[in-house]
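Enquirer: Sequence:
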Amino acid sequence: MVFRGIAIRRSGPIRVLSFWLLRNIQSGHHLCHTDLRDFPARVDNIEPTELATTTTTLLNLPTTSRLQPRARTMTITEADLVLSGTPSPGVLVLQLNRPDKRNALSQSLINQLLGKLRDASVDETVKAVVVTGSATFFCAGADIKEISALDGEGARKCRYLEDLCHGFSSFRKPIFAAVEGMALGGGFEVALACDLIFASESANFGLPEVKIGLIPGAGGTQRLTNSMGKYLAMRMILFGATITSQEALHHGLVAEIFPAGSVLEGAVAKAAQVAGLSSTAVQLAKEAICRSDNLGRDDEFERSLYYFSYGTAHKREGIAAFLEKRAPDWREAPQGSP
49 MVFRGIAIRR SGPIRVLSFW LLRNIQSGHH LCHTDLRDFP ARVDNIEPTE LATTTTTLLN
109 LPTTSRLQPR ARTMTITEAD LVLSGTPSPG VLVLQLNRPD KRNALSQSLI NQLLGKLRDA
169 SVDETVKAVV VTGSATFFCA GADIKEISAL DGEGARKCRY LEDLCHGFSS FRKPIFAAVE
229 GMALGGGFEV ALACDLIFAS ESANFGLPEV KIGLIPGAGG TQRLTNSMGK YLAMRMILFG
289 ATITSQEALH HGLVAEIFPA GSVLEGAVAK AAQVAGLSST AVQLAKEAIC RSDNLGRDDE
349 FERSLYYFSY GTAHKREGIA AFLEKRAPDW REAPQGSP
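Take the sequence shown: its position 155, counting from 1, is numbered 203 in our numbering, and each next residue is one higher.
Treat the hints with care, as some may be off.
Said to hold, decoys possible - Simulated crosslink set (DMTMM-like; lysine to aspartate or glutamate; CA at most 25 Å straight-line):
no. : residue 1 : residue 2
1   : Lys334    : Asp167
2   : Lys278    : Glu348
3   : Lys334    : Asp347
4   : Lys193    : Glu210
5   : Lys334    : Glu210
6   : Lys318    : Glu295
7   : Lys193    : Asp211
8   : Lys278    : Glu295
9   : Lys278    : Glu210
10  : Lys278    : Asp341
11  : Lys334    : Glu304
12  : Lys318    : Asp243
13  : Lys193    : Glu365
14  : Lys278    : Glu172
15  : Lys278    : Asp347
16  : Lys318    : Asp341
17  : Lys334    : Asp171
18  : Lys334    : Glu313
19  : Lys278    : Glu350
20  : Lys334    : Asp346
21  : Lys334    : Glu172
22  : Lys334    : Glu348
23  : Lys318    : Glu172
24  : Lys278    : Glu313
25  : Lys318    : Asp167
26  : Lys193    : Glu350
27  : Lys373    : Asp128
28  : Lys318    : Glu249
29  : Lys334    : Glu350
30  : Lys334    : Asp211
31  : Lys193    : Glu313
32  : Lys373    : Glu350
33  : Lys334    : Glu194
34  : Lys193    : Asp377
35  : Lys318    : Asp171
36  : Lys193    : Glu249
37  : Lys278    : Asp243
Hints in this document: simulated from the structure, not taken from any laboratory. The model shown is predicted, which means the values in this text are computed figures rather than measured ones.
Using the sequences provided together with the hints, build the complete structure.
Expert: The following block contains the structure:
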């Protein structure tokens with residue numbers, strides 16, 4: 049595994065702070081232009097041997113970038129599923145770090161992400177947060193191997209995705225998504241849970257859960273409908289279709305598009321603007337807007353249907369087909385059967 053250190057000059061000697069750059073995923077580049085009818089066979093949790101050996105300048109931040117003072121140096125381990133850095137005063141960057149699994153949302157990653165959000169919520173030096181992924185995948189969604197063992201009752205007991213939803217909705221400071229590449233399923237829902245989405249020219253968004261016998265369960269059916277309207281939400285969710293960043297911008301889902309490779313730097317600059325304003329006024333404004341956005345939404349109803357779908361034969365067949373890289377045979381799984 050190849051990493052690169054960035055040298056940062058302050059009012060003193062140069063300090064090399066380990067800001068980690070993730071590897072590019074070779075197979076990710078062609079996904080934007082393929083027929084999504086065989087999506088499960090393509091978007092799999094690939095193994096490390098399938099990854100490219102080249103590095104990418106994912107965290108392409110200004111030279112003033114620095115890690116949090118309490119973490120001037122860090123050694124990356126398998127446990128570092130969410131990396132953090134402060135590239136600009138008041139701006140915290142949280143980077144999903146499962147490159148070998150296309151940043152899929154394992155429970156461990158979710159727990160680390162929520163822990164960092166809790167820390168940021170009480171850290172008075174943090175005024176705004178930017179969430180990002182890798183150069184080809186913001187996030188591929190749920191960890192399929194992890195959820196394959198869950199039925200409806202198991203999903204309820206472990207509060208799968210529920211804590212993630214509550215963690216984002218209760219975070220009072222501005223939180224932006226910087227999306228390069230694909231944001232799919234739960235990954236798209238993470239972006240939707242943010243206050244603004246900034247995307248690269250290469251970004252694509254989708255909720256393909258129906259292709260594996262599930263439905264979106266982290267607010268996707270509710271937030272997407274609120275943002276884009278019933279019929280566009282129906283098209284995306286019922287067909288499991290993706291949209292480009294240009295389409296998302298046209299429909300008001302994306303705030304701004306940046307050239308490929310520069311969305312994180314652009315999002316940090318936007319977050320820095322907000323960080324320079326009155327934190328009290330910004331948080332009150334966010335609370336008022338979110339109250340309006342919540343009207344008419346029923347996240348609990350969506351989640352109850354999501355958990356129900358975990359207990360169906362269609363979910364079992366869809367997940368099995370995904371893991372076996374074959375087309376699902378819905379005829380062998382009676383509709384709605386437990």
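Enquirer: All hints are to be evaluated individually against the structure, with a verdict given for each.
Expert: Going through the hints against the structure:
| no. | hint | in the structure |
| --- | --- | --- |
| 1 | Lys334 to Asp167 | holds, 19 Å |
| 2 | Lys278 to Glu348 | holds, 19 Å |
| 3 | Lys334 to Asp347 | holds, 19 Å |
| 4 | Lys193 to Glu210 | holds, 19 Å |
| 5 | Lys334 to Glu210 | holds, 22 Å |
| 6 | Lys318 to Glu295 | holds, 21 Å |
| 7 | Lys193 to Asp211 | holds, 20 Å |
| 8 | Lys278 to Glu295 | holds, 16 Å |
| 9 | Lys278 to Glu210 | holds, 23 Å |
| 10 | Lys278 to Asp341 | holds, 15 Å |
| 11 | Lys334 to Glu304 | holds, 19 Å |
| 12 | Lys318 to Asp243 | holds, 12 Å |
| 13 | Lys193 to Glu365 | holds, 13 Å |
| 14 | Lys278 to Glu172 | violated, 39 Å |
| 15 | Lys278 to Asp347 | holds, 16 Å |
| 16 | Lys318 to Asp341 | holds, 22 Å |
| 17 | Lys334 to Asp171 | holds, 18 Å |
| 18 | Lys334 to Glu313 | holds, 23 Å |
| 19 | Lys278 to Glu350 | holds, 15 Å |
| 20 | Lys334 to Asp346 | holds, 20 Å |
| 21 | Lys334 to Glu172 | holds, 17 Å |
| 22 | Lys334 to Glu348 | holds, 22 Å |
| 23 | Lys318 to Glu172 | holds, 19 Å |
| 24 | Lys278 to Glu313 | violated, 33 Å |
| 25 | Lys318 to Asp167 | holds, 22 Å |
| 26 | Lys193 to Glu350 | holds, 23 Å |
| 27 | Lys373 to Asp128 | violated, 29 Å |
| 28 | Lys318 to Glu249 | holds, 17 Å |
| 29 | Lys334 to Glu350 | holds, 24 Å |
| 30 | Lys334 to Asp211 | holds, 21 Å |
| 31 | Lys193 to Glu313 | violated, 33 Å |
| 32 | Lys373 to Glu350 | violated, 28 Å |
| 33 | Lys334 to Glu194 | violated, 34 Å |
| 34 | Lys193 to Asp377 | holds, 19 Å |
| 35 | Lys318 to Asp171 | holds, 20 Å |
| 36 | Lys193 to Glu249 | violated, 30 Å |
| 37 | Lys278 to Asp243 | holds, 20 Å |
Checked against the numbered hints above, the structure violates hints 14, 24, 27, 31, 32, 33 and 36; every other hint is satisfied.
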